[in-house]
Structures are given as structure tokens and as C-alpha cells.
Amino acid sequence: MRVAIVHDHLLYLGGAERVILALLDLFPYADVYLGFLSDEGRTLLRRKTKGIVVSSLFNRFPFAQQMPDWYKPALLWYWERLNVSRYDLVISSSHSFSSKSIIVPAGTVHVSYIHTPPRYLYDEYNETRWTRHPAVQAFLRPVFSWMRRKDHAAAQRPNVLIANSKTVQQRITRYYGRDSVVIYPPIHTPPKVILRGRKPTYFLCVSRLVKQKGIDLAIRACGELKLPVVIVGTGPQEAYLRSIAGPTVIFLGFVSDDKMAEVYRKARVLLYCSRDEDFGMAPVEAMAHGVPVIGYSSGGVQETVVDGKTGILFSDYSITGLEGAIHKLLRHSWSPRLLRSQAEKSSEKEFMKQMKTIIKNQYE
Numbered sequence: 001m002r003v004a005i006v007h008d009h010l011l012y013l014g015g016a017e018r019v020i021l022a023l024l025d026l027f028p029y030a031d032v033y034l035g036f037l038s039d040e041g042r043t044l045l046r047r048k049t050k051g052i053v054v055s056s057l058f059n060r061f062p063f064a065q066q067m068p069d070w071y072k073p074a075l076l077w078y079w080e081r082l083n084v085s086r087y088d089l090v091i092s093s094s095h096s097f098s099s100k101s102i103i104v105p106a107g108t109v110h111v112s113y114i115h116t117p118p119r120y121l122y123d124e125y126n127e128t129r130w131t132r133h134p135a136v137q138a139f140l141r142p143v144f145s146w147m148r149r150k151d152h153a154a155a156q157r158p159n160v161l162i163a164n165s166k167t168v169q170q171r172i173t174r175y176y177g178r179d180s181v182v183i184y185p186p187i188h189t190p191p192k193v194i195l196r197g198r199k200p201t202y203f204l205c206v207s208r209l210v211k212q213k214g215i216d217l218a219i220r221a222c223g224e225l226k227l228p229v230v231i232v233g234t235g236p237q238e239a240y241l242r243s244i245a246g247p248t249v250i251f252l253g254f255v256s257d258d259k260m261a262e263v264y265r266k267a268r269v270l271l272y273c274s275r276d277e278d279f280g281m282a283p284v285e286a287m288a289h290g291v292p293v294i295g296y297s298s299g300g301v302q303e304t305v306v307d308g309k310t311g312i313l314f315s316d317y318s319i320t321g322l323e324g325a326i327h328k329l330l331r332h333s334w335s336p337r338l339l340r341s342q343a344e345k346s347s348e349k350e351f352m353k354q355m356k357t358i359i360k361n362q363y364e
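Counting from 1, position 87 in the sequence shown corresponds to residue 87 in this note's numbering; the numbering is continuous, with no gaps.
FYI, nobody ran anything at the bench for these hints, they're computed from the structure. Everything numeric in this text was worked out from a predicted model, so none of it was measured. Just so you know, not all the hints are guaranteed correct.
[Stated by the list, open to error] Beta-carbon label-pair distances, calculated as ranges: (1) Arg149 to Pro62: 24 to 30 Å; (2) Lys50 to Ala138: 31 to 37 Å; (3) Tyr12 to Pro228: 22 to 28 Å; (4) Tyr317 to Gln170: 16 to 22 Å.
[As the list claims (entries may be wrong)] Straight-line distance between alpha carbons at most 30 Å, and here's what the computed DSBU-like set of lysine-lysine pairs gives: (5) Lys345 to Lys328; (6) Lys199 to Lys226; (7) Lys150 to Lys211; (8) Lys199 to Lys345; (9) Lys349 to Lys259; (10) Lys166 to Lys353; (11) Lys328 to Lys266; (12) Lys328 to Lys309; (13) Lys226 to Lys259; (14) Lys211 to Lys166; (15) Lys50 to Lys259; (16) Lys349 to Lys50; (17) Lys266 to Lys360; (18) Lys345 to Lys48; (19) Lys349 to Lys266; (20) Lys356 to Lys50; (21) Lys345 to Lys166; (22) Lys226 to Lys309.
Virtual Cβ for every residue (Gly too), placed ideally from N, Cα, C.
Construct the complete structure from the given sequences, taking the supplied hints into account.
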């Protein structure tokens, strides 16, 4: 079977990008097409696939990798004209405006894994304040209206839509008017021996450092309680977060996957204050390492964290609300085996199994 995997971009290694790597374990000879691709991403993909790795012509344009959002309307032109006639199966992975727009010939199956409909198009959380300026709104309103129409049309093309959570499944129904199947993204579960010998010392945040993730709330709450916090991740809010962090906060920046096991081994709890998260891989990764989770009760976290059994969910999004959840969690004892069992529902093995079933069903 000739397979093409199509993804919006690979400029950093986030949850959506890990899906691509898992798909390449399933289809190691697949060709990969991306809108934007960093040098590090290209090196990573070439180690994973025996097929070709192709980025769009826009990848070479000025500031394309630094500001990919500005090229999204232009990328639609690229995706709709990409020739995929030689493939039997096309798998698109999309959290943005473009890659599911690909047009396949008759006889080619198109399976689209949707991480979320583009949030900036559908009145969901928008962390970019300048877009709220009246003059900017006057320009963006017709542009976004056109993009929504194109995005809706693109979502009608795939043979099947896969949602990465029930939260995203509801958005697909609301915005695209289509049914979808839920398959949780793949989470690497460590060997069971890792759960022994844990020496928890600090509270942990693992996230891109952007406003939506709520890292500032975690810093302020733990600062008032004088609790040690370790933050893993990079992003545009790093300078601001460092400015409000006290002496008990440590920023590790980017940490490779092979070193994250040691980071989790020393963590007492994962703090996850993201609002309306699509799925949220970090809480599941934490549970896989025997670490309980404190999460804001919204979005995909409500599907993965069992309140009172694998962590604490809080609904008062404030310093007081988070402090209350911390006190509640510290009064509990947590079973590493139960935590791991919950995480295994989103394991790489389960992801592969369900993807195989979905694809097989398209040929029957």
C-alpha cells in the first residue's frame, strides 16, 4: 500500500507532532508532506521514514517558520494542488487551517486526524490581544469568514474524521456537521520498573509557555504556598513567567524525551492549568510515570484524569481555587498502578490498534 502522511507543520515537538511519529511507526515507508518544516524536524523525520520528506515552497519564504500563521491562507493553495494521485491512502493530521484540504482522486482513501478545528476561526480562546483591536477586526472579519467557509468545505472531503478527544468530537459536530470517531493520541508508557524508587520533591509543569496553558497561575499559587516548582517547556511567555517567578521556581527549558523519565521520577504532582484543552498529553504522561495530576476541569483533561482517583480537578480558576486543589491532593495517597492503568488507555499500542481498525474498515 502506498501511503502519504500530510501534516500542517513540524516546527516544534508537541502532541500533534507525536501523532505523526506514531503513524510512521505504523507506516515506515510513508511519504511525508508538511507546510512548514524546521531543520531539526527534517532530521527527525528522515530517521523515522524510508519515504520522502517534502515541505511546501512557502517553507523557504521570509519568516515563514517564525510566523507561520501569516501564510495559512496561502498554504491552502499548496494543499489543494498537491498531487497525491499515486497513493492508496492519505492520512492528514490537522490542528490548523490547511492539511485536511488536500484533494484525493477517486479510489484513494483519505483519513483525517483532527486535533481541533482551528480555534482562532471559531470564537474559541484567542490569546493574541492585538487581534481584538477594532481596526484589525475590520480587516480580519472578512478574511476569517472566507477561511471558515474553506475550512468547512475541506472538512467534508475526508472519508472519515478522527477526533483526538470527545471534546474535539463535539467541536467537529458543531462546526463541520459531521460524525467522527475518537482515538486518543499516543502516549509513551515507560517500563513498569520505572514506577519503583520514586523520590518526589517538586511540583511540575510540562507545557508550551503560552498564555492559554495557565503556567502563571501555577507559579503564583505555588509561590504563595512556598512550594518548589519545576517548569519544562519553552514559548513566547517565558520572559514574563520568569519575571513573576520566585526563588523556588526552576525553568528547565526544552527537555528531550529520554530525560523526561527522570524529571517525572522526582515530581510530586503535575500541575495542568490549561483552559479548554483539546486533549492534553502531559497529564497522561505524568500518570504513566506514577505522578498524580491537578488539572483545571475543562476540555480533554476531564476525559483523562479521574477526579479523586488519578488526580484532582478544580473548577474555580483562581489562585485560591488551585491552592485548594493542592491541599486536597496532598491529603491523599495515590496508587502508581492505578495511575499507570488509566494512562494505558492512551498508549501507543492502543493508538496503533485503533488506527489499523479504522483504516481497514475503509477498504471493506
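Do the hints match the structure? See the list:
1. With their beta carbons about 29 Å apart, arginine 149 and proline 62 fall inside the hinted range of 24 to 30 Å.
2. Hint check: lysine 50 to alanine 138, Cβ distance near 50 Å, so the stated range 31 to 37 Å is violated.
3. In this structure the hint that tyrosine 12 and proline 228 lie 22 to 28 Å apart at CB holds, the actual value being about 27 Å.
4. In this structure the supplied range 16 to 22 Å holds for tyrosine 317 paired with glutamine 170, their Cβ-Cβ distance being about 20 Å.
5. Taking the CA atoms of lysine 345 and lysine 328, the gap is about 26 Å. The hint holds against a cut of 30 Å.
6. A hinted pair counts as satisfied when its Cα atoms are at most 30 Å apart, and lysine 199 with lysine 226 qualifies at roughly 19 Å.
7. As the CA atoms of lysine 150 and lysine 211 are separated by approximately 28 Å, the hinted pair is consistent with the 30 Å bound.
8. Between lysine 199 and lysine 345, the direct Cα distance comes to roughly 26 Å. Compliance with the 30 Å bound is thereby established for this hinted pair.
9. Our distance criterion of 30 Å between C-alpha atoms is met by lysine 349 and lysine 259, whose separation comes to about 22 Å.
10. Between lysine 166 and lysine 353 the CA atoms are separated by roughly 19 Å; this keeps the pair inside 30 Å, and the hint holds.
11. Restraint check for lysine 328 and lysine 266: satisfied, since their Cα atoms lie roughly 20 Å apart, inside the 30 Å limit.
12. Of the pairs offered as hints, the one joining lysine 328 and lysine 309 holds, with about 12 Å between alpha carbons and a cut-off of 30 Å not exceeded.
13. With a C-alpha separation of about 26 Å, the suggested pair lysine 226 and lysine 259 falls inside the 30 Å cut-off, and the hint holds.
14. With a C-alpha separation of about 23 Å, the suggested pairing of lysine 211 with lysine 166 holds against the 30 Å cut-off.
15. As the CA atoms of lysine 50 and lysine 259 are separated by approximately 27 Å, the hinted pair is consistent with the 30 Å bound.
16. Of the supplied pair hints, the one linking lysine 349 and lysine 50 holds, its CA atoms being roughly 22 Å apart against a limit of 30 Å.
17. Using a Cα cut-off of 30 Å, the hinted pair lysine 266 and lysine 360 is violated, with the two alpha carbons roughly 42 Å apart.
18. Of the supplied pair hints, the one linking lysine 345 and lysine 48 holds, its CA atoms being roughly 25 Å apart against a limit of 30 Å.
19. For the hint linking lysine 349 to lysine 266, the alpha-carbon distance of about 26 Å falls within 30 Å, and the restraint holds.
20. Restraint check for lysine 356 and lysine 50: satisfied, since their Cα atoms lie roughly 20 Å apart, inside the 30 Å limit.
21. A threshold of 30 Å between alpha carbons decides the hint, and for lysine 345 with lysine 166 the separation of about 14 Å falls inside it, so the pair holds.
22. At roughly 26 Å between alpha-carbon atoms, lysine 226 and lysine 309 fall within 30 Å of each other, so this suggested pair holds.
Hints 2 and 17 from the list above are not met by this structure, while the remaining hints are.
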